[in-house]
Amino acid sequence: MINAMTLMGLKLAAAPAGGENAAEKVFPPFNPDYFATQVFWLLLTFGILYFLLSRIFLPRIGQTIEERSSRIADDLDAASRMQKEAEEAEKSYERALADAKAKAHNVAETTRQSVDAEIKVEMDAADAEASKAAEAAETRIRGVRAKALANIESVASEAAQATIEALTGKKPTLATVKKALN
Amino acid sequence: MIAAGLDPIGQFEIKKLAELKIGNFDISFTNSSLMMVICVATVSLWLLLSTKKSLIPGRAQSIAEVSYEFIADMLRSSAGKDGMKFFPFVFTLFIFILFANMLGMVPFFFTTTSHIVVTAVLALMVFAIVIVYGVWKNGLSFLKLFWPAGVPIAIKPFVCLLEIISFISRPLSHSVRLWANMMAGHIMLKVFAGFCIMLVGAFGVVGGSLAGILPFLMTFALTPLEFLVSFVQAYVFALLTCIYLSDALHPGH
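Those protein sequences? They're chains A and B, same order as listed. Take the first sequence: its position 89, counting from 1, is numbered 86 in the numbering used here, and each next residue is one higher. To get the numbering used here, take the position in the second sequence, counting from 1, and add 65.
Derived from the structure by calculation, the hints contain no laboratory data. Wrong hints could be hidden among the right ones.
[As the list claims (entries may be wrong)] Covered stretches of chain A, as calculated for chain B (at least 3 residues, CB under 8 Å): (1) 33 to 40; (2) 127 to 134.
[As the list claims (entries may be wrong)] Derived, one-sided and incomplete: chain A residues facing chain B with beta-carbon distance under 7 Å: (3) 26; (4) 46; (5) 49; (6) 51; (7) 54; (8) 55; (9) 57; (10) 58.
[What the hints assert, rightly or not] Calculated Cβ distances over 10 Å to all of chain A for the following chain B residues: (11) 124; (12) 170; (13) 192; (14) 211; (15) 215; (16) 216; (17) 260; (18) 265; (19) 274; (20) 281; (21) 300; (22) 301.
Using N, Cα and C, we set each Cβ at its ideal position, and we do this for glycine too.
The shape of chain B in the complex, shown without the other chains:
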């Protein structure tokens, strides 16, 4: 029983809450789906309560407006003014990931972003939008992205090869960064917290509590760090999205 509770991987297990099938695809409602629904519900509730359109913003409205300006500034500075057409998308990405990460910090809550499939879908969404919009807007000149100006012709093919490789590996790095951070953080927390329990099991309540101080302090220190990581990873994901979208808008650099 304790051993099962100590398994640091157990927290990533998906459990079906309700069976659901479309054709051959199993789309059962799981704890992961539940967390996604909770995430959307939380965001909606927050914005519903905080956007009252008052001229002098209250505290909650200020937070909503600061988030709005934060993402808008980020998008504007990295993708330019015409990048603002992607603002709802980038904002949704940021808020969804942020809330998924933060909700994952609540004990016993499942972290949806700790699954590579989820982050991969998000990253591929960005990748697809960059390609589709880039080609639709720029036509063949979108390929200028891989043929950078101002590079000596002698090394240009080499640079072009590098550009292509880096472009293709984007969704991979984009998704793995978020996923690995979230998963590693949660495993680390679980391992150090589990140490405390194991020490109590090994040395009794008194000895174990004394010996458990160190892993306890470690858990204590890691928790705020994980909150920071949750925010930073959402920010990084959104920021990279902005930069990739800027490529679709201005492929000539």
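One chain only, chain A, in its complex shape:
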């Protein structure tokens, strides 16, 4: 394997027009002289880097990322909890508001009803008084009218008596005139 590589390396190394002793050079990546040192230093440096990364740096980065994401999740939880609380507060406020409104409405209603009742009572009383007064007035009017009617008869009889007296010179009695008029 290595021999084949070296051969290939020799062929390749002959191709580039380099320095004067280019033909003697081995194509560097295939030079077996330096295989051991490269493998050794690669394993050493890679091992050190692996150790540093796996023990120190990667846990540190991972921890930071995890802390942040858990912090964000916590904050989101708290935010949603607070939002829920706010919603509940709003709901209870609305409930209280509705209660107060209903109560106010009730108070207004009862007040209105009592006022209405009072008004009605007073109105009834006033009505009754007025009708009583009207009745009294009517009876009086009736009395007056009857009296007046009666008066009219006597006035008419007297007027007729006077007229007859003036025409005939004879004065008839009231009763006669009345009889004649009726």
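Given the coordinates of chain A, assemble chain B onto it according to the supplied hints.
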């Protein structure tokens, strides 16, 4: 001197900075090792400064968190929730490759991922984890991976053969994809940029500058493309790793 600077392969050369040996193995500290160390240091510095654990992230912290979520989402969506135990591994792979690729885009910086050995080790690491974890967790039923359900029995052996071949060729394609992309991109950049220099050398400063406009524009256009490739290849490598790991977790498909 100019010729050496123009050599598009020269940038992949490894130079020893300090000799080091364990037994027969030469493990000298090289420019490649230096870039790997710089890569790890850059990543560490970035994360050290950007992970302050503040609740409201700043710009730097957001980038770190976005990268974290990006890889985590990718792993979760392709390997499921129990795939998250591989998260540090996948994240390390992605970040290491991404930074190695990106640092390689800095002029005069060496690109570690432009060497097949490096990408092969990374790919074999994934391959080994898939096999070891798959067998450890599922036992023999891990072999169901090669015996897919819901396939007519007549063509099942054939499908099984294909599955085995594709499974074995995984580390190869996984590593070569990253390596070839990184290497080809850097060679291309170097070639077109080198054209400008060569044209100046051939036609003088005025003529060469005029003639060099085209390769210059090409380099100009290729640079952002290479940045994109750097990211996409790191992403693809990590994504394929997730998909392979999903096989280890759920071999029955």
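Would you pick out the hints that fail for this structure and give their numbers low to high?
2
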